[in-house]
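Peer 1: From first to last, the protein sequence lines are chains G and Z. Mapped onto my numbering, the consecutive letters of the first sequence carry residue numbers 4 to 897. Mapped onto my numbering, the consecutive letters of the second sequence carry residue numbers 12 to 288.
Some clues are possibly wrong.
[To be verified] Straight-line Cα separation of at most 20 Å, SDA-like style, residue types lysine to any residue; simulated pairs:
1. Z:LYS57 to G:SER579
2. Z:LYS246 to G:GLU747
3. Z:LYS228 to G:ARG560
4. Z:LYS15 to Z:LYS94
5. Z:LYS14 to Z:GLY41
6. Z:LYS246 to G:ARG32
7. Z:LYS228 to G:PRO581
8. G:LYS612 to Z:LYS14
9. G:LYS536 to G:ARG560
10. Z:LYS156 to Z:LEU189
11. G:LYS679 to G:SER579
12. G:LYS46 to Z:GLU112
Keep in mind the hints are simulated off the structure, nothing from the lab. Note that the structure is a prediction, hence the values are computed from the model and not measured.
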Amino acid sequence: MKINNLTIEQVLSTLVTSKQGLTGEEAERRLAEFGKNEITAVKGKPLLFRLLGQFTHFLAILLWIAAGLSFLSEYLHPGEDMLTMGVAVIAVIFINAIFTFVQEYRAEKALEALKKLLPFNVKVLRNGKEIEAAAELVVPGDLVLLAEGDKVPADLRLIESNGLKVNNASLTGESEPVLRRTEPFAGDPVISPNIAFAGTTVVSGNGAGIVFASGMRTEFGRIALLTEAVTPGLSPLQKEIMKSTRVVAIIAAAVGLFFFLLGFIIGRSFWGNFIFGVGITVALIPEGMLPTVTLALAMGSQRMAKRKALMKTLTSVETLGSVTVICTDKTGTLTQNRMVVAKLWVDDELVDPSATAAAGTSRLLFTTAALCNNARFIENEYRGDPTETALLKAAQEKLGPLTTQRLSEVPFDSDRKMMTTVHTTSTGTMAFSKGATERLLPACSHIMIKGERRPLDDAGRDDVIHADHVLMDMGLRVLAFASKEVHHLDSSPLVGEGGVGGHPEDIEADMTFLGLMGLQDPPRAEVPDAIRKCHEAGIRIIMITGDGSRTALAIARQIGLVEKTPVLIEGPAFESMPDQELAEKLAAPEIIFARMTPKHKMRVVSILKDRGEVVAVTGDGVNDAPALKKADIGISMGIAGTDVAKEASDMILLDDNFATIVNAVEEGRTVYENIKKFITYIFASNIPEAVPYLAYMLLNIPLPLTIIQILAVDLGTDMLPALALGAERPTPGIMKQPPRKRSERLLSLSLMARAYLFLGPLEAVACMFGFFWVLFAGGWTWGTVLPASDLLYREATTACLTAIVIAQVANVFACRSLRESLFDVGFFTNRLVFAAIAVELLLQAFIVYHPLGHRIFATAPLPFRVWLVLIPFALALFFAEEMRKLVVRRMKPA
Amino acid sequence: MYKKVLAAVNEHLNSEVSARYALHLAKETGARIYFCSIAENGLGKKSFSLAEEAVKRLSHRARELGVESDCILKTGNPIEQIKKIVADEGIDIAFAATRREDVEKRFYARTVSRRLSLALPCSVALVRVVHLGRVHPRKILVPLKARIDHITERARFAAIMAKAFDARLSLFHAAQPLGRFLNNEVHLTPREWETRLPDDIIRFIKDLNSQDIAYDKKLTPGIAGITIAIEAAAKRHDLIIMGASERSLLNSLLRGNPVERVLRETICDLIILRPRE
């Protein structure tokens, strides 16, 4: 039993209040017990803790240890440049922490948008006196007075209603105002006509209600709690990055430890081994990876914005690429939300509106469509609800403007699913009704055929129902129309803005059925192609619509959403269906949800996520917000969306168009592919950074590459080319592959083999050749120890560093594709690569030729011939990679 | 099982609502109910009379439902007096409402409700009343820990409440997310989670089955406190029945306290049961 099931007396007794309201003292007591009537934030992890978390994860801890050991080493054994390394490692920790934090941090503004929907002040009755109180001080048991224009401050059980109509759009998305009553209602409180919910607005009339839930306990508060507290969890990319950093950290630490121990075995000094161990660990950690990923995502989000998809969180850019299911609304997203009257069923015939003469039954049908209508034609523009606007337009085109006096109205509400207006016409007082066929037909005793009123028998009713089904199967939204002459009107508060009317049950009885109108909301032109792309890309689309199942199915067929017999689930069946059964149904390849409301979406999303799907969901209303938050990607509508939905979503569609989602998915997949490309690029340089250490240890030679030079590559010269790889265009077949599997790793074996066993060793050969070439050309003999300040030694390390940079120039071209030849992809299709290489070379020139570069990186100027000697290695790398791609293409054709 | 039920009533509406839960439990079990109001020394006359009126209303309601009731109006220390009544009358279970100020205290330490739950020799149901629109709960959420004490009494209490209100139970276990070092979170489907049901929950279900009660069950990974509050809100549960926290102060400080979290965030009524059978 809920509050809406009770009579007014029972309500007062249950809430221990009266029609005089609470006393001031009792209100204070209840305020102390139930708290303020306000939307409050759910206590989460403090910002500082979230920031601190970036400094204490696994990789960061390893780096802290490395930095600590570096400082210890500097303290106990100065002069090995370990201080610089310690500082550099800490800088890396800070850079990574700040980049990751910025990427993950998102200010929660949805709650602020929700708060704006609640009023500041409200009229309540206390001690029998009307007072104006701050809305936040309203407590359960308070009697709130409502008048036109008021915002409802809390959930109220109405005890008085004088034509009180509220707009529930903020909760249900339905823009049509609904009439409120006071009688007990047996159904669900959410659809109960005797309840006014917090955050809704009084459109007309007045009334009074008792507060039964305030603050976060209201339906509005429930949405706020779910919107704020529900978290989608880590994005697929975040999970992959986390796994990748752990893998890399383990490899780096294990290799460092291995060579530290090996040094002992071959009899090197402790400090030599120690510096070597830490150095090789640092060399193997791709310090620039996280900032590059963040910047690549930022670039991806800019490209998406150009395609009318505004990304709110960076990680969502990639998540879109891994989406396996898109749950989409129909109206406005798949269709244009521009209704037109497409078919009529009148005089027992199915006809086009244009082929119908405005005479006999048709004339009365169009008259009903025009008069039983709240849309208006003002300043050459139709204004109102899209359905009513379409009806008015069709009627005016057929009949021209009509002049009658409206006496009263029985408004539409979602329970009755029909509306009636009473007018004074030239033939007398007439009632006109429109509504769902299943509701209007029982109110009719006659049918008009060829202008003649005939009794409506069972066969006639069957004909109407058959015609209704035929129209729905054509994808049309069907409305039935009826009229009657009214001979007697009495006064009733339920009907008539001016108090003239009669009881709805009297007026809406014994009517004459006139016909049906089928309204079409044409699909957007781009949608069928976008749906085909989704099918090719292995993405399932689930349509969630408020329309009936026949209409939904017909539209789904028109746009190519379904080809076979889909699973059809309607709202009422959905509500009673256990999770397990629903989960089984959701496994079907084609599924449509009909007669649904936004409140159902979150459950669909949750179950899909439990099944392991990566889910995108669209929404525009306030009560779509929890589903938008729960989904891996919440997509709100830029045009029709509420502020709350926009704030709760990860992506805003600037054109409300489904096709834009598909474009964004393509961009998301491209971003992931590009991340793989630049990770290959970054990882490849780890080998030429590590091999010099190995050679230093095993071959008893001077250290060919210092730690600071390694950092110059990882955090300097490599950054922009890696970023340029993030701007690669989509590969042609990218939307013809299925979404990547959960088990697919970012750091796959093939990626690591390509970087560590193929590209990296080629670069290592180049850098070691450069080092030895300069040493031997300078007269060095094997076994000679060179001090760090020696010019020849500096030149040799500079040559080693330069060789890596030159090889990386070739590598950036090699990494532009995973298997296609660059000659097919096109050398100049990514101009950013050239700009990045130019900056890379300028930076290297600074390191090699500028005195400041010499001081920071312990380098020395190189003669031009050294560059010329190194260039063939770059060309060799490029062509070797082309050969590898050729072999891959031959072995595994696309 | 429960033959004598006590409901502590004071001048606040939430205590009256809490006593209504006790009343329905008494009706279901055929128990005698004691509505007791203990006026602390220094309590105003108005407050005392409000409590007295509440007791009268409850007593009247008990008569309507055919439940035998006694009204006890006393003054003194509430804890001591209630303790004495429980001992003298042989009370099986006592219902008391938590105050909002209790919830605002960390781990609701040193509150009357906590002291009652620790001091009384009978089972104690602490009721947090937050929503007055759900007069008779139809959907009851029963969050379960991996390790449950007094399984039989807990299962029976949930079953009695379900029968009393003709409600459906939803058993819910927020499991620790499954993770491995290189695969930080392993995704399991609900069916896979089901194969990992902790033994105590299986025993709880067995006990519930013996009560012939319909229920749903759901396992989901997550942080217990907020996950329970979200589940209750998302599925529109009317009432949550959960066990009292057994985490130590230090443990609560380090790992958080799920009961405290649910107390704060719940948007439906909550009963915290401390069984003593």
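Peer 1: All hints are to be evaluated individually against the structure, with a verdict given for each.
Peer 2: Evaluated hints:
1. Z:LYS57 to G:SER579: violated (48 Å)
2. Z:LYS246 to G:GLU747: violated (34 Å)
3. Z:LYS228 to G:ARG560: violated (37 Å)
4. Z:LYS15 to Z:LYS94: holds (14 Å)
5. Z:LYS14 to Z:GLY41: Holds - the C-alpha atoms of Z:GLY41 and Z:LYS14 are around 7 Å apart, at most 20 Å.
6. Z:LYS246 to G:ARG32: Status violated; Cα separation ~31 Å.
7. Z:LYS228 to G:PRO581: Between Z:LYS228 and G:PRO581 the Cα gap is close to 10 Å, so the pair holds against 20 Å.
8. G:LYS612 to Z:LYS14: violated (46 Å)
9. G:LYS536 to G:ARG560: Holds - the C-alpha atoms of G:ARG560 and G:LYS536 are around 16 Å apart, at most 20 Å.
10. Z:LYS156 to Z:LEU189: Status holds; Cα separation ~16 Å.
11. G:LYS679 to G:SER579: The given pair, whose Cα atoms are some 45 Å apart, is violated under the 20 Å limit.
12. G:LYS46 to Z:GLU112: The given pair, whose Cα atoms are some 17 Å apart, holds under the 20 Å limit.
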